[in-house]
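Participant: Residue-level listing of the chains:
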Amino acid sequence: MIYEALLAPFVEFEFMRRALVGALALALAAGPIGVFLMLRRMSLTGDAMAHAILPGAAIGFLVSGLWLPALTLGGFVAGVAVALASGLVTRLTRLGEDASLAAFYLVSLALGVTIVSMRGSNVDLMHVLFGTVLALDDGALLLIGAIATVTLGALALMYRPLVLECVDPVFLGSVSRAGGVVHLAFLVLVVANLVGGFQALGTLLAVGLMMLPAASARFWARDVTGMIAVATAVGMASGAVGLLLSYHWELPAGPAIILVAGGAYLVSLLVGPERGLLRLAFPGRHLEA
Amino acid sequence: MAATAIRFENVTLGYGRHPAVHHLAGEIAPGSLTAIVGPNGAGKSTLLKGVVGALKPLQGRITLSTGARTRIAYLPQASELDRAFPISIYDLVAMGLWGSRGLFGGIGRADRPRIEAAIAAVGLSGFESRAIGTLSGGQMQRALFARLLLQDAPLILLDEPFTAIDAKTTADLLGLVRRWHDEDRTVVTVLHDIEMVRGTFPRTMLIARELVAHGETDVVLRPENLLEARRMVEAANDRAPICAQA
Ligand SMILES: Nc1ncnc2c1ncn2[C@@H]1O[C@H](COP(=O)(O)OP(=O)(O)OP(=O)(O)O)[C@@H](O)[C@H]1O
Ligand SMILES: [Mg+2]
Chain A
652 MIYEALLAPF
662 VEFEFMRRAL
672 VGALALALAA
682 GPIGVFLMLR
692 RMSLTGDAMA
702 HAILPGAAIG
712 FLVSGLWLPA
722 LTLGGFVAGV
732 AVALASGLVT
742 RLTRLGEDAS
752 LAAFYLVSLA
762 LGVTIVSMRG
772 SNVDLMHVLF
782 GTVLALDDGA
792 LLLIGAIATV
802 TLGALALMYR
812 PLVLECVDPV
822 FLGSVSRAGG
832 VVHLAFLVLV
842 VANLVGGFQA
852 LGTLLAVGLM
862 MLPAASARFW
872 ARDVTGMIAV
882 ATAVGMASGA
892 VGLLLSYHWE
902 LPAGPAIILV
912 AGGAYLVSLL
922 VGPERGLLRL
932 AFPGRHLEA
Chain G
16 MAATAIRFEN
26 VTLGYGRHPA
36 VHHLAGEIAP
46 GSLTAIVGPN
56 GAGKSTLLKG
66 VVGALKPLQG
76 RITLSTGART
86 RIAYLPQASE
96 LDRAFPISIY
106 DLVAMGLWGS
116 RGLFGGIGRA
126 DRPRIEAAIA
136 AVGLSGFESR
146 AIGTLSGGQM
156 QRALFARLLL
166 QDAPLILLDE
176 PFTAIDAKTT
186 ADLLGLVRRW
196 HDEDRTVVTV
206 LHDIEMVRGT
216 FPRTMLIARE
226 LVAHGETDVV
236 LRPENLLEAR
246 RMVEAANDRA
256 PICAQA
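Protein chains in written order, with our numbering: chain A, 652 to 940; chain G, 16 to 261.
Calculated directly from the structure, the hints in this document are not laboratory data.
Any given hint could be a false lead.
Listed below are the simulated SDA-like cross-link pairs for lysine to any residue, each with C-alpha atoms no more than 25 angstroms apart in a straight line [what the hints assert, rightly or not]: (1) K71/G <-> D698/A; (2) K71/G <-> V833/A; (3) K71/G <-> E748/A; (4) K71/G <-> A891/A.
The following block holds chain G by itself, in its conformation from the complex (with noise of 0.2 angstroms):
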């Protein structure tokens, strides 16, 4: 395998002429487990969307080892999911194995044993059949999380993944992540809890628009370095002037 997962080369991200990543450099070890913290604004859900490809960068490079989009497990911030559409959980969490087959390639019978073990790693068991309108929230994310082990990708972005998500829950999905890191998989999770990040993620990368550490977690998040981030001005500014970099 290669020896970086991601590598950002002078990555600028932005919405129209605003930077909100601003000439982002570093490397993501393959099979490592980062945490990307930073303030509100920070740019980490903006860094999260470039490396999906959902965002173009307005200068710079994100290069993937794994190559293909489709090998990405992303699990936005605020899914966009229209949770009126009548489907069921267990159609939900099938859609995991559509990157790997095509979307034209068939999911029968056969699959159905991996579907509801993915379905019962997250508690699931039992929900099968309900519309994915009926579930909490806190069920909703479960029923992400079981598609996002169908999908059996290399790499995995999981942004803010247990927001409004309780104590159980979220130690359950924390076992998940665990599990994917022993597996050898690239995990790269922004997150706000700084005592979750300590305690689990050996590395982390530190984002105030800016990068402003990157590295050991725990060199990562001294205080000095938390309070450079903190001091991050989150508003654009229309009449910023043109930076001298682009």
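This is chain A alone, in the form it adopts within the complex (with noise of 0.2 angstroms):
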């Protein structure tokens, strides 16, 4: 009975065995990115760069079909020169950096939407936009591998910069020049894992890999450390359960995912011992000191 609803899923079918791992490498990545991009109070920046990669992703479309590493670099290439065109932006006039990169990716998601459809069908801009995880091919999964193994290597390299840029960046700036360098590591980082996570999960529902795992995670730790830790957990946690949700249901499986790590959120904003809504309800009776 468990092992019919829990495990025979993923011993009978490769395709289901390629998409739990595909999903546990991107939570693994999408995990500590997803913390440092909540508490560095830039969640909806990761929204915008997954709209930002879409014309990228187009391109390489137009030029090549549904095949993998034009789409990924295209994907990549303009993620990162909209991370870097709003950051310069940001840097050099007024406009808060919240609003360059709404500029930009605004113009980045028409972009992309219209040279989609100028040549693909709406099914080729449902992959685009919602992934294809149960299909992904030996290429897809390398991919993810790397760029998992990549992101924990480069953010175990730069984890104090970058907790340093976060809380007090002009301490940071008196004892070293690294602050801008961490800041654009960074942003790569987030748009490599999101051209990673658009193969399975598609552009819209890659950055919920990263966001609701990170949110949820406010609720149940008090530093980073345990922050992330809880955050990879429930992003894999999320991947396997939306996966056998999608199997056994019939629903698409992208979505699936996104919704287990949605409920995820939603019960822990409930529950949450770090100001969770019931803590907040009922906080118990007051200490003496």
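Starting from two chains that each stand alone, build the complex the way the hints lay out.
Facilitator: This is the structure in structure tokens:
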């Protein structure tokens, strides 16, 4: 019974195993990235970047059809270009980072949808927007695995300056010049993970696997390390549970994964010990000191 | 050690084309304890930003005998610290070691005693694992002083460190400033409390956009100098003529 429900789909079907591996690898890197995005108050930046990837991927699609390397490269270049451009505009002018990013990504999104619809069908557009987690080939898995590996390594290396850049940028500026480089490297990692994620989940859902587990983690852990651990666990569990739900109930797999992550967020919001709603409603009686 | 810690050569610092510090010259000796005094908008904070390198001079030069900027411990007036970030007092104070260790060097168990000693020196023992967002204003200032302690820098710049701090905390933190002076570090502090300057700081730099006076505190803080400093016109003028010395 339990075997039938939980293990059989993965044991019997290779596409389910591939999807599981892909989702787990994605969640592994998306967890810490999402936590840092959230702590830097850049949650919506992830979303904007996800849209910004679209025209690049669309041009790749125009040139090559649904051929992975072209889509990936196009998406990566477009994402980094938008990140750099809006960073530059913010630095040089008075437009805040949120506004300049919004400007760039809106144009990107419109451009991307236009390009895809010029050549492909609506089905292709759906692929790009919502991914095909149940059809991951070797190339896609390798790409996701490589991105996860590089991301974790890079985050471990720049963990400290990254934290410092969030907490006290002026202090970081006074002890080193690494601030700008770290900020940029982080944005590149965000783009890389979104590009990796859009193979499986599409541009729109990839960001969900970043932000929903991170937002959930805020209600369970007090410090950064704890949040990263919780976020990664929530992301991986959402991947596995989402795939099972989609298998048993014949739901689209990508959205199922994100919906499970969304469920985890709602539960955390309610019962999480760190200022979850229940805790706020019933704080207990006050202490002596 | 060189005969100067900081040398200002005809330094003009400002925002856009408006000078906030105008043609300032002078030297701050190594191991000296200097107060920077002047009315609001006099350019005191701007001057410190110039020293740490956050602001490039519009004209002139600031040279440091300590060489690298990373050997400066700087406490800004309004810290742009993100108090909502989930980090403990202990980790915040430990950041003081980052400058000397490099951003990628390890900070481990061996450093624990030093970090705890710094926290104890500012009277925050017992607060180690509290999140920074839960501290009061004065407690936060103590924590930042503990971080300065760990930075172990030869040059320390403090911008109005005792604003909104109670008498006891001020006395404690002022004790740390004296201790730094005894350890032969160069300390430059922006202050508004003239009595405190007279009591603790041997040297004073009085500025009001231009340098008004610089030297022994008792000489600099004479009434005629203070009066002159008060006469500064605060607002920048978009139609001001181009400075003849620019
Ligand atoms: N970021 C900025 N952009 C434009 N003008 C600025 C900026 N910061 C300061 N100024 C102006 O430069 C002048 C000097 O400012 P500064 O902060 O150095 O004064 P201060 O001596 O530290 O004053 P206070 O005692 O109020 O802290 C002021 O007239 C101020 O309006
Ligand atoms: Mg000031």
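Participant: Against this structure, judge whether each hint is valid.
Facilitator: Hints, verified against the model:
no. : hint             : result
1   : K71/G <-> D698/A : 36 angstroms, violated
2   : K71/G <-> V833/A : 22 angstroms, holds
3   : K71/G <-> E748/A : 23 angstroms, holds
4   : K71/G <-> A891/A : 54 angstroms, violated
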